[in-house]
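**Student:** Knowing the structure of chain G, use the given hints to seat chain D on it.
Number of protein chains: 2
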Amino acid sequence: MTKEQKIMLGHGSGGKLSHELISSLFLRHFQHPALTAMTDSAVLNLPEAQLAFTTDSYVVDPLFFPGGNIGRIAVAGTVNDLAVSGAKPMFISAAFIIEEGFPIATLEQIVTEMANEARHAGVSIVTGDTKVVGTGKCDKVFINTAGLGSFHVEFPPFPGQESVKPGDVILISGTIGDHGMAVLSARNELPVQSGLESDCACLNELILEVRKASSRIKFMRDATRGGLGTILAELCEKSKFGIEIQYETIPVRETVRGMCELLGFDPLYVANEGKVVIVAESSDAQRILLALQNHPLGKDAAIIGKVVEQHPGFCWLKTEYGSSRIVDMLAGEQLPRIC
Amino acid sequence: MTKEQKIMLGHGSGGKLSHELISSLFLRHFQHPALTAMTDSAVLNLPEAQLAFTTDSYVVDPLFFPGGNIGRIAVAGTVNDLAVSGAKPMFISAAFIIEEGFPIATLEQIVTEMANEARHAGVSIVTGDTKVVGTGKCDKVFINTAGLGSFHVEFPPFPGQESVKPGDVILISGTIGDHGMAVLSARNELPVQSGLESDCACLNELILEVRKASSRIKFMRDATRGGLGTILAELCEKSKFGIEIQYETIPVRETVRGMCELLGFDPLYVANEGKVVIVAESSDAQRILLALQNHPLGKDAAIIGKVVEQHPGFCWLKTEYGSSRIVDMLAGEQLPRIC
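Chains as they are written, first to last, in our numbering: chain G, 1 to 339; chain D, 1001 to 1339.
Okay, chain G solo, but in the shape it has when bound (with noise of 0.2 Å):
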């Protein structure tokens, strides 16, 4: 197989393309017994037996931009769902949706950057599937990553949304909304903003940090779709209690509030790729946000607001000008195909 080859339907047929493709691009990349096996189901042990379990398809439009690609963010992406349901993230699926005429030289990078992205991660791509769809079937191409975790005695699931009581503080680990405007810049639809980035990154190692120095965190999540403000919203109606939290607390870069001030987003709702929302009682947080901004992943991290008693249901957004307003879930689509 050379690199100027294209895809071509065959190599969704289950024949001697898939297979051809299989051992000289996923298998030689991805590099595990159970994979290698070509079995249809890999085999696995566990060392414990409560696991967390999640999937994801990315369909992110280009499919390489500032900061990362869709390779890099379907590993990223779903380890961090794992990471943040408390779980040590450790096997991978890889599931391929190709349109027909792919180049494989493109394909290849992408599965590269899995690679990378898995080992860097500490996790193991071990089962995957290849389809070929006709030309104009499919957009290039579309990832679909599942993923295992487990859960170790000393970290348990986090208690989650109902455990959220007033007092508790609000953390998020950095600046929000990177890889959206990162996105969008990639695209041409805006002119090229210098140090525009995604923050595409697996947080496992982040997170593991955080609980080594607290056991009083009630909940997380990654800020992905939606943004912040979604998930602050959700937080909101799961918990039955308000949220406060302070504008000017929130890290965003001045080149994300640029943009979004120009273009009329909210970095509110604008998808990060890297960032985790921490809710915790607060006694711990300073130690939480200590042992965030010892991580290069979490240096820009903050406290920026607190769970209360007041206006069950609602987050509100309040300013150092005394102003304040509803944060509600997105409504419709800022940025369609941002991961």
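Note that these hints are calculated values from the structure, not bench results. Do not take every clue at face value.
[Stated by the list, open to error] Covered stretches of chain D (chain G as the covering partner; in silico rule of three or more C-beta atoms under 8 Å from a C-beta of chain G):
1. 1006 to 1019
2. 1093 to 1102
3. 1137 to 1147
4. 1320 to 1331
[Unchecked claim] Simulated pairs of lysine-lysine, DSS-like, Cα-Cα distance not exceeding 25 Å:
5. G:Lys16 x D:Lys1318
6. D:Lys1165 x G:Lys16
7. D:Lys1140 x G:Lys140
8. D:Lys1016 x G:Lys238
9. G:Lys318 x D:Lys1016
10. G:Lys240 x D:Lys1016
11. G:Lys6 x D:Lys1137
12. D:Lys1238 x D:Lys1318
13. G:Lys306 x D:Lys1016
In this text the structure is predicted, and so the values were computed from the model without any measurement. Glycine included, each C-beta is placed from N, C-alpha and C at the ideal position.
**Tutor:** Chain D only, in chain G's frame:
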């Protein structure tokens, strides 16, 4: 949400419309506490620590065809991949990539079929994802399912292709080619043939019966894309032995055989969605055959050949008239988007 509504980009935004779609459609049909929690990962307890993990994307065209539809295939295909590994299928993920404008009523039909098939197979759909892409950026709807199964002490993983030895017998659980021909007929590429119906079904119950009947099974695989022929060719390659199959013993419905002859298809390479190939020690051949035939999904089961010392690496198909030919892997693509 009314059934006349169509999918909008906002249904994939992660915001309000996504939440509405999830609660009013997916949660209603796929009822499971892990799913209802709407957390990033499903938290699961598994009785055993050895697991099977698999994934497949489904892009079948058309979405509905005689005997099945994309929803049933998406569940049955993944259940079968777990079952042929020897695992008890337990949990399934469901990830949708939907074209903007797709009718919600049709999505609900598909989701209902998935829920029914899962209930029937005894598996739970516990985590999921929805992405929406613009009109023309995918073909109606693609579904990915990943599956988790557990191995029980009395039913460990099958020894696998490498354990196959000369003298072992090869069985098929029923007629071949039904699925491929049913989908082809639904595409209106040929005159409607009465009695053509996909064999799309979950095989886990059938496989359990077979396991109870014999502990001398070496290898199983469901004959999907690439058909029976590709499985046998691959088995020769992996085992380093030869295979001989008898043409007359391979069950093929008359309508399927007729249509294949008319169109120049070889039933050996036509996809199935409810047939399993079993390789076992010859001493247990009759016990396995009986167990298969006693189950409705295995009533047409047959012993079709054996593993031989001769022509290592090659599978020969022999006819009663003494002629024979090599069965190679499927080259190219006979029928794109068959599953």
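**Student:** Measure nothing beyond the straight line between the CA atoms of Lys1016 (chain D) and Lys238 (chain G); if it is 25 Å or shorter, mark the hint as holding.
**Tutor:** holds, 14 Å
**Student:** Could you grab the alpha-carbon distance between Lys6 (chain G) and Lys1137 (chain D) and see if it respects the 25 Å cut-off?
**Tutor:** With a Cα-Cα distance of about 19 Å, the restraint between Lys6 (chain G) and Lys1137 (chain D) holds, given a limit of 25 Å.
**Student:** Under 8 Å between beta-carbons, do enough residues of the region 1320 to 1331 of chain D, three at least, approach chain G for the coverage claim to hold?
**Tutor:** Contact hint for the region 1320 to 1331 of chain D vs chain G: holds, 4 residues under 8 Å.
**Student:** Can the restraint linking Lys1140 (chain D) and Lys140 (chain G) be considered satisfied, given a maximum Cα separation of 25 Å?
**Tutor:** Holds: Lys1140 (chain D) and Lys140 (chain G) sit about 16 Å apart, inside 25 Å.
**Student:** Check whether three or more residues of the region 1006 to 1019 of chain D sit with their beta carbon closer than 8 Å to a beta carbon of chain G.
**Tutor:** Coverage by chain G holds for the region 1006 to 1019 of chain D (11 residues, Cβ < 8 Å).
**Student:** Run the distance test for Lys1165 (chain D) versus Lys16 (chain G): straight-line Cα separation, threshold 25 Å.
**Tutor:** holds, 24 Å
**Student:** For the pair supplied as a hint, Lys306 (chain G) and Lys1016 (chain D), confirm whether the alpha-carbon distance does not exceed 25 Å.
**Tutor:** Given pair Lys306 (chain G), Lys1016 (chain D) holds - Cα atoms ~23 Å apart, limit 25 Å.
**Student:** Are the Cα positions of Lys240 (chain G) and Lys1016 (chain D) separated by 25 Å at most?
**Tutor:** Answer holds: Lys240 (chain G) to Lys1016 (chain D) is near 17 Å, not above 25 Å.
**Student:** Is the straight-line distance between the alpha-carbon of Lys16 (chain G) and that of Lys1318 (chain D) 25 Å or less?
**Tutor:** holds, 22 Å
**Student:** Please verify whether Lys1238 (chain D) and Lys1318 (chain D) have alpha carbons no more than 25 Å apart.
**Tutor:** holds, 21 Å
**Student:** Just to make sure I understand the rule, a stretch counts as covered if three or more of its residues have a C-beta closer than 8 Å to a C-beta of the chain. Does the region 1137 to 1147 of chain D meet that for chain G?
**Tutor:** holds (count 7)
**Student:** Verify the proposed pairing of Lys318 (chain G) with Lys1016 (chain D), using a straight-line Cα cut of 25 Å.
**Tutor:** holds, 22 Å
The structure fails none of the hints (numbered hints given earlier).
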